[in-house]
Amino acid sequence: MKVRVFVSLKEGVLDPQGKAVGHALASLGFKNVGDVRISRVVDLDVAAETADEARKEGEAMAKALLANEVIEDFKVEVVA
Amino acid sequence: MKVRVFVSLKEGVLDPQGKAVGHALASLGFKNVGDVRISRVVDLDVAAETADEARKEGEAMAKALLANEVIEDFKVEVVA
Amino acid sequence: MKAGVVVFPGTNRERDMAHALTLASGQAPKMLWHQEESVDGLDLVIIPGGFSFGDYLRSGAMAAHSPIMTAVRRFAEKGGYILGVCNGFQILTEAQLLPGALLRNAGMRFLSQDCHLKVEGRDSIYTKGWSAGDVFRTPMAHGDGNYTASPEMLDRLEGEGRVAFRYCREDGHVQADDPHINLNGSARAIAGVLSENRRICGMMPHPENLTDPAIGGTDGLPLFKAIVEAFGV
Amino acid sequence: MSLTVDGELARSFGLTAEEYDKVLAIMGRTPSLTELGIFSVMWSEHCSYKSSRKHLKTLPTKAPWVIHGPGENAGVIDIGDGLAAVFKMESHNHPSFIEPYQGAATGVGGIMRDVFTMGARPVANLNALRFGDAENVDTRRVVDGVVRGIGGYGNCMGVPTVGGETNFHRAYNGNPLVNAMTVGIAQKDRIFLSAAAGIGNPVVYVGSKTGRDGIHGATMSSAEFDDESSSKRPTVQVGDPFTEKLLVEACLELMATDAVISIQDMGAAGLTSSAVEMASKGEVGIDLELDEVPQREANMLAYEMMLSESQERMLMVLRPDRTEQARKIFEKWELDFAVIGHLSDTGRITVRHKGNVEADIPLGPLADEAPIYDRPALNKEPPAYLTPPADPVGIEKALETLIASPDLASRSWIWNQYDSTVLGQTVKRPGAADAAIVRVEGTSRGLAMTTDCTPRYGQADPYVGGLQAVVEAWRNVTATGAQPLAMTDNLNFGSPENPYIMGQFVQAIKGMGEGGRALDFPIVSGNVSLYNETRSDTGLTSAILPSPVIGAVGVLDDIAQAVGLAMPEEGELLLVGET
Ligand SMILES: Nc1ncnc2c1ncn2[C@@H]1O[C@H](COP(=O)(O)OP(=O)(O)O)[C@@H](O)[C@H]1O
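Residue numbers (my numbering), protein chains in the order written: chain A, 1 to 80; chain B, 81 to 160; chain C, 161 to 393; chain D, 394 to 972.
Hints are computed from structural coordinates only; laboratory data are not their basis. This one's a predicted model, so the numbers in the text were calculated from it and none came from an experiment. Glycine residues also receive a C-beta, built at the ideal position from the N, C-alpha and C atoms.
Just the calculated beta-carbon pair ranges, DEER-fashion:
| id | chain 1 | residue 1 | chain 2 | residue 2 | range |
| --- | --- | --- | --- | --- | --- |
| 1 | B | A160 | D | E646 | 49 to 59 Å |
| 2 | D | E834 | C | E389 | 20 to 30 Å |
| 3 | B | A160 | A | L14 | 22 to 32 Å |
| 4 | A | G12 | C | P227 | 33 to 43 Å |
| 5 | D | D684 | C | M313 | 50 to 60 Å |
| 6 | A | D73 | D | D714 | 51 to 61 Å |
| 7 | D | A959 | B | K111 | 53 to 63 Å |
Below 25 Å or equal to it, Euclidean Cα-Cα: the simulated PhoX-like pairs (lysine-lysine) are:
| id | chain 1 | residue 1 | chain 2 | residue 2 |
| --- | --- | --- | --- | --- |
| 8 | A | K19 | A | K75 |
| 9 | B | K90 | A | K75 |
| 10 | C | K190 | C | K162 |
| 11 | B | K82 | A | K31 |
| 12 | A | K2 | B | K111 |
| 13 | A | K19 | B | K136 |
| 14 | B | K111 | D | K725 |
| 15 | A | K75 | A | K63 |
| 16 | D | K602 | A | K2 |
| 17 | B | K155 | A | K19 |
| 18 | D | K721 | B | K111 |
| 19 | A | K31 | B | K155 |
| 20 | A | K56 | B | K111 |
| 21 | D | K602 | B | K111 |
| 22 | D | K602 | B | K90 |
| 23 | C | K190 | D | K721 |
| 24 | D | K581 | D | K674 |
| 25 | A | K19 | B | K143 |
| 26 | A | K2 | B | K155 |
| 27 | A | K2 | B | K90 |
| 28 | A | K75 | B | K111 |
| 29 | B | K82 | A | K19 |
| 30 | D | K450 | D | K773 |
| 31 | D | K443 | D | K415 |
| 32 | D | K725 | C | K190 |
| 33 | B | K111 | A | K63 |
| 34 | A | K75 | B | K82 |
With the hints as constraints, model all of the structure from the sequences given.
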């Protein structure tokens, strides 16, 4: 099954990449752009019987490695 | 409006990050994991009147900066 | 002193660290491969710089889960001394042996240049080679050195004297919002922090690269001298 | 893919009609797609040096301290104490225009492999960069990507980038130059070469898996750019410096044993050129079983595997009784390791895939009958010397103009993004001296190194341009107090099919040879990059300035004596030489 783990910085944590991209867009002439945030998506093939099992595995992986919960939140979706 | 640009490596392009994360997950004991691919999501606040306008702006930004079309594909969604 | 230097796949400053320790103590440290499961019998474990596992997910994330880190965690619980430099600092925060996290440099570029550090932390073997307020020069070389932690944690670190080093100007002036002084944008210009028991220290710059008179100077040597003094040669 | 092999397909692979006729004569039949692919890459300018070979032969390459001159993966010189310096420079110009970050990164990765293939630990990287007009909008994209790419790869590898040079000129709009140099140190009696030996010995593949990356990169780097090339873009190669770091450690660990008979990195034209070169040099045959090749993508054709330029791969011939020991080392470093064939006594390369023979080519003719061209060369009259401006702008204004010029401005923005201190041996970092200095670990000696070229001299007079690059490199090494020992070069020019450009090339080599002979300063390795031209919408081609870049290495006996640029607090300023 395809599991998607979506990892984003916690609200309130400064996003240097997003900030830099926002600046760059402005200097390219995109004047209508406000806040920019950059997140990471990890797509995994997981051998699981049920969607529920796949989701659990995804959550375990997110906690163990894919997200740093000090600064990041994550969401797990079973895509297919 | 909130525009989300999803940027992923083109098929066939080596994903060193995904490869290393796959290895690391396996050595952490996640044995059911196959292929891992890592992508990027850019969330933008765009001042636009219509969803269509926002999408167009998102596409222009993706082409200009957010995605590197030599190795990456992108998808634009208007989220809200 | 019995020191061990941990080597992960992708670590690249282990030789530099060994060289500095050898200069300070006359004795080469033990190299520890990341799959070893014990660090028993050591006085000090050092996690050096580099790009462990390519730093491909988050800097230090994958290394923080290597087998040896279980042993390092046990060592810490028993009051062991641990120094993490650069990637080592990132690994220690990812392993939650030190608070906070290191984000991408504010300017989004890799920074390789000399910087100045102000010594602040009290009562640690890592800082006592200097007096509080001293300033020293040291090279830095990193892409993800932008220290962050919650405001409460930052207050706590400062209140408990656990900010070991801060980025400053040559004359000691600290100004967190000046990108020419606080080059990577770290919260409150923090360059290094200490654990609660002051036995674990993480820092971004590389004092080990300035310990040899033949290679640019010895400004970083006091750190190593003090460590050696603490444990005896 | 159902492609009919014929003259037209051969043409699209970069072979001329005569070259294709030669292929037919050698094979005695229509070649298979895989065979055509092998011929086209082996006979490309990049692999065969067909336009340049005749002239390169005139360069001075010998001296008592030269251990291996041109012809190996890198040059090797004796630096005393039983040690050797191993170094080479290589271009990645075309890929760096298409995708500046990955192009530059994989360029750095490639040149480091050339050096550690020989058994040396890389200790320093340098580069020589030429960008378009600084005012040109696209230049910004290229500079940014190239600088990040060089740093991204070298920093992760933990090899300090200690020097280089950077210039801007509109002639490089659309065709920047990215020349990367690596210097390594090895035991002088433990140098590894590529010539295969021992019929029946296993041919072993190590490193990353093979994907469809950069197929026809070698033929493309030999063809000029036009607007179509953006649509024909081959899949760009993505660098994986972490894997390369594992590869260097694993290779050096293996080379400390007696398992390796010969070894060759897979660079341009990947498996094809490494297999053909190893077998040809060793005068043996080679049988490959492509089913054994570690593959990243499904359903790859033999043709694709033979031409893939996936990075971070090596080919080796091992002692059969040491193969398991070698496998363990690569497993420890979590790298792929596969026996993909054997040496044979047939003098042929045979390639099998899924039970079919996909290629069967006699190696002798593939190498010996490779085209060599003596292309017509014409010289332009050198322009007259400029007269000094009649109305000087005044010294202050002149100084301001000079300081503001992109060619003289501080390069710290660039080198501050390169880790220059890792390994802890850097005595003179970028900006500190006329040449960078790195200590030879465990000694008080240092290696001094520099890259130099002034293309506008070459534009005025290519002979002087070649000569001047050599003497400038020599002076820069000397100025630190070191003894210059040898050079590597990277000859970047336009199309050799244009007689005036061929003339530039020939004259520049003459100048370089003259300089090298006069200074006892041999050239031990190098790289040629031709067809550096862009075609505009109107169909006009314009070439880069003739750019014969020199990389030089010298030895300093006592690093404490190294001389830098910093002005001492007291002392007199002396001017030596005529103004
Ligand atoms: N692309 C580069 N990478 C690393 N260092 C560079 C680069 N370009 C210039 N430098 C360094 O900047 C300094 C000044 O360069 P340059 O003006 O070309 O010096 P010079 O004229 O003395 O050769 C040198 O130390 C050189 O090594």
